[in-house]
Every structure is written in C-alpha cells, then in structure tokens.
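Numbering (UniProt numbering), first residue to last: 1 to 77.
Since the hints were made in silico from the structure, they are not lab data.
Hints are supplied without guarantee of correctness; some may be wrong.
[Stated by the list, open to error] Pair by pair, the computed Cβ-Cβ distance ranges are:
no. : residue 1 : residue 2 : range
1   : 74        : 22        : 15 to 21 Å
2   : 50        : 73        : 17 to 23 Å
3   : 58        : 22        : 15 to 21 Å
4   : 37        : 2         : 28 to 34 Å
5   : 32        : 2         : 34 to 40 Å
6   : 26        : 50        : 18 to 24 Å
Each residue gets a CB set at the ideal place from its N, CA and C atoms; glycine is no exception.
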Amino acid sequence: VAAERRERAERMARVRAVAEARNPTQRDADRRLFLRQLDGDLEREDFARHGWTSALNARAIFAFWEDLEPGIFDRVE
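I would like the entire structure built from these sequences, with the hints used as guidance.
Here it is as structure tokens:
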C-alpha cells in the first residue's frame with residue numbers, strides 16, 4: 001500500500017511539474033480539454049475545485065497526461 005501511495009504521489013508531482021511548465025494558454029486549453037472528457041458532475045466539480053491534484057480523477061488525469069506527453073511516467077516506479 002505504501003508503495004502504491006508513493007507511486008501515485010510521484011505521478012501527481014510529475015503532472016504538476018509538467019502542467020506548471022506549460023504557458024498559460026496551454027494550461028487553460030489542457031484544463032478545458034480534460035473537463036470535456038469527464039462524464040459526471042461530481043468529477044467535473046472535483047476537478048474544478050482541486051485541478052490536477054483531484055484524487056477522484058487521478059486515473060483519468062494520469063491517462064490524459066500520458067496521451068498528451070507520452071512517456072511522462074516512464075521513470076515513476
């Protein structure tokens with residue numbers, strides 16, 4: 001369990017770093033694109049509240065960024 005939490009934290013940190021490195025226009029487009037992919041109101045509300053650190057949307061966030069930046073999680077163990 002501890003290893004899974006550590007991996008998830010590392011993935012979240014990687015997402016945060018990559019997102020912060022993008023310019024404001026890219027960040028806004030990324031958020032809008034991701035929001036359109038979410039099906040439920042609860043998921044959209046949680047993302048609106050927590051952004052890329054939304055635990056409820058963690059799997060979807062990781063999949064989104066893997067598509068956008070292939071290999072983003074290659075060194076995460």
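Hint-by-hint comparison with the structure:
{"no.": "1", "hint": "74 x 22: 15 to 21 Å", "result": "holds (19 Å)"}
{"no.": "2", "hint": "50 x 73: 17 to 23 Å", "result": "holds (20 Å)"}
{"no.": "3", "hint": "58 x 22: 15 to 21 Å", "result": "holds (20 Å)"}
{"no.": "4", "hint": "37 x 2: 28 to 34 Å", "result": "holds (30 Å)"}
{"no.": "5", "hint": "32 x 2: 34 to 40 Å", "result": "holds (35 Å)"}
{"no.": "6", "hint": "26 x 50: 18 to 24 Å", "result": "holds (20 Å)"}
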